[in-house]
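These protein sequence lines are chains C and P, in that order. Letter by letter, the first sequence follows residues 7 to 637 of this note's numbering. Letter by letter, the second sequence follows residues 83 to 335 of this note's numbering.
For the record, the hints were derived by calculation from the structure and aren't laboratory data. Keep in mind that a hint or two might mislead.
[To be verified] Keeping only pairs whose Cα atoms sit at most 30 Å apart, straight-line, the calculated DSS-like set for lysine-lysine is:
hint, chain 1, residue 1, chain 2, residue 2
1, P, K206, C, K125
2, C, K193, C, K459
3, C, K305, C, K588
4, P, K289, C, K369
5, C, K177, C, K18
6, P, K191, C, K166
7, C, K477, C, K245
8, C, K166, P, K206
9, P, K206, P, K275
10, C, K164, P, K275
11, P, K246, P, K191
12, C, K74, P, K206
13, P, K310, P, K274
14, C, K102, P, K206
15, C, K177, P, K206
Here is how the chains run, residue by residue.
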Amino acid sequence: MTNNSAALERHKYDVLVIGAGGAGLRAAVEAREAGLRVAIICKSLFGKAHTVMAEGGAAASMGNVNEKDNWMVHFRDTMRGGKFLNHYRMAELHAKEAPDRIWELEMWGALFDRTKEGKISQRNFGGHEYPRLAHVGDRTGLELIRTMQQRIVALQQKDKQEHGDAESFIKVFAELTITEILKENGKVAGAYGYWRENGNEVLFEAPAVVLATGGVGKTFKITSNSWEGTGDGHALALKAGGNLVDMEFLQFHPTGMVWPPSVRGILVTESVRGEGGILTNTLGERFMFKYIPDVFKDKYADNEAEADRWYLDQDNNRRPPELLPRDEVARAINSEVKAGRGTEHGGVFLDVSKRLSAEVIKKRLPSMWHQFYELAGVDITKEAMEVGPTCHYVMGGIEVDPDTAAAVNVPGLFAAGECAGGMHGSNRLGGNSLTDLLVFGRRAGMGAVQYLKGTSATPVSEASISKAVQKIAAPFTRTGGENPYLLHQELQEITHNLVGIIRTKKELDEAILKIADIRMRIQNVTVSGSREFNPGFHLSFDLDNMLLIAESTAKSAVIREESRGGHTRDDFPNMSPVWRQKNNISSFNGTEVVVKQQTLPELPKDLFGLFDPHELEKYMTQEEMAKGGSN
Amino acid sequence: MARKLNLRIWRGNRESGSLQNISVDANEGEVVLDVIHRVQAEQINDLAVRWNCKAGKCGSCSMEINGKPRLACMTQVSSFPEDEEITITPLRAFPVIKDLVTDVSFNYKKAMEIPSFQPPEGMKPGEPRMQQVDVERSQEFRKCIECFLCQNTCHVIRDHEENKESFAGPRFFIRIAELDMHPLDMLRNRKKKAQEEHGLGMCNITKCCTEVCPEHIRITDNAIIPMKERVVDEKYDPLRWLGSKIRKREGIL
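Kindly produce the complete structure, drawing on both the sequences and the hints.
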């Protein structure tokens, strides 16, 4: 136990990257290549980040399969998918830079599936006009994380040759939790945390900190996220004075496993639909045809014959409605189940066995076959899967400057990947996440490099250290309080029942009260055992973060009186052009989350001009249409 | 639907430990990791176990279940007879930190010793052209989720701490094979190095690693044996190596 600062483990770096998934590692590579010393903090072992769970692919308009694809088409698809609430500049940078980020991975050893000409193959996915996802079967995320991990090792090997020590420029601190970002004189000065293995505390002094901590799924009961998705970066940024943007937007992936109960929520990749899987209810109806919203009517087939023809001729047919953006499909499944046309386990059927041979299924969807065979006893080459929505991704996140990934309001803080907000608007398209990690991970690294040219390190004060020390010791000093596991389960019930896919004011108000109640009770959480690898102790900190997430989500959701993307209000079922112009900005005043509105940056004329005005009319006010974009 | 399950879970730390008998409910369809979580939430709050994805994709929850190296998230409770006691112990080849968590840093040290991917000089991003059939061999090995069950089960190090210094283990033999078969990798003598520096010769192909691989990678047949066979040729025939790479490069350009 570290109680006096004389014995405290201290490290000094130029850049501290918190999170070792795709975004964090890409940021670290960029900062190292610019000559900086970088510490990478992993909550788990190195290489286990949630990035491995991405299955379908990485969207980049390389045009390898359909040469009509380019960044402008990708940009349009991304904005459409996000229902035009995206920060246009992030969507623009992402669409423009994604192909370079994928090609770069290949130079670091990644082996994507190939086209006949030997280029990187690209597959169809919901909301993407052309086949666009670079992939490796259905384990693309694993390929990405392993390639980045091996790139870090390659740089360390080079440092060993040139400087005698592999860890002279990049060091990975695995199984370490950060509890606080430390600021001095209004600027980032470092971070404080503890080793999970023994509970010993660690001080990092670093003038630039990159948050790349991923998502918040564990705040919810049914989720595809691993235990790490506890919103740490979101919460660290809030507590450091940063903002969160649009936390009401959560993506419920339409197809999670629903049976058996222990695997409820585990992801079934969208590639199953991309490869031709169809959704049916218990009456055998292919129900998605009933759920094509007006804004998408000209792009999606309204009959089975045309939908089926699309797989052979994409130029002359509209796409099958199974490939609508995720928010639409999730809501459709939810409606079918509510109407009594769902399976006894509360799902619908997803079937790929009728369209593809067993051999092709095992080749293109190997891990899905494996997952269903071993966990549910279902052979997907012969039978349908049972699926239903699962909490998958948070579109909301830390408010950042698009070009530099610098967190608004906190000099020295940067954020990239799922913990950053704005890129995906109200709904993320499948495949855009993996390239988001790479594009903005790199930009966060560049942002930190640029920032450090104009600033110097500030030492962390003893006062800041002793505050951080007390916080970590607190759960052990209490006795007779509540069990963190049970409190976590209670929070998950609240979010699941009251802040789920379909929301109402009454339920959200109730949720806000209940979350405040847990906030009171968490002051009293007691931990048993020692500091040595103690999951109950770890959970007590995660829980504090998840509470802030839940509060920010519920408060943003009750304010936004419309339905858009990953936010559906039963009492306000339509999109509102007025709300489209607003972001909900959450901040933390020390006792509670406060949500204010801020105007969304206007689409500039050149990007405005990429769309058919008839399409924009469906989303924008008459004044916006008349203006035709900002100058 | 719930059934009572009798578990024996190893509890302890670096110094000492013992098996503890625990009775816990198990529901239909649950895996061993589910019941460990129930024990953690209801009985032993500080029970240490590593896990992340709970979907067989991250390779974190490696442990020994009734003596067999397994992923706890992919081991169905129903695969054991109703009255059987299930014994859960930490990986044996690595030092225990606490309870079911072991110190696997050996593997990260070995990863650092394998020379990295080396693309052709002057090749620019976007240029590579490779055929699917040529990338598939390496792709099989890149399925590895680094659960280290193969490392744990390999008898060269399982009961021989002294071999760890000179033996990289099956996980890193497939890493070497992956790079050796990678159509773009230009580093010479990977097989020779595997033999001389990473202990490939100590493997006597008992295939234990292949048997425990949750990704069903054919470690012995597709990586270790082909390397062992060809290391002999290449030792004396540098032209043969060059030939294989030139042919590969023609495929690229």
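Structure-based check of each hint:
1. P:K206 - C:K125: holds, 14 Å
2. C:K193 - C:K459: holds, 15 Å
3. C:K305 - C:K588: Status holds; Cα separation ~27 Å.
4. P:K289 - C:K369: holds, 25 Å
5. C:K177 - C:K18: Holds, because 11 Å separates the two Cα atoms, which is no more than 30 Å.
6. P:K191 - C:K166: holds, 13 Å
7. C:K477 - C:K245: Within the cut-off at roughly 13 Å; holds.
8. C:K166 - P:K206: Within the cut-off at roughly 26 Å; holds.
9. P:K206 - P:K275: With Cα atoms ~28 Å apart, K206 (chain P) and K275 (chain P) stay inside 30 Å; holds.
10. C:K164 - P:K275: Holds, because 18 Å separates the two Cα atoms, which is no more than 30 Å.
11. P:K246 - P:K191: With a Cα-Cα distance of about 11 Å, the restraint between K246 (chain P) and K191 (chain P) holds, given a limit of 30 Å.
12. C:K74 - P:K206: Cα-Cα ~23 Å, so holds.
13. P:K310 - P:K274: Cα-Cα ~9 Å, so holds.
14. C:K102 - P:K206: Measuring from Cα to Cα gives roughly 18 Å; hence the hint holds.
15. C:K177 - P:K206: holds, 29 Å
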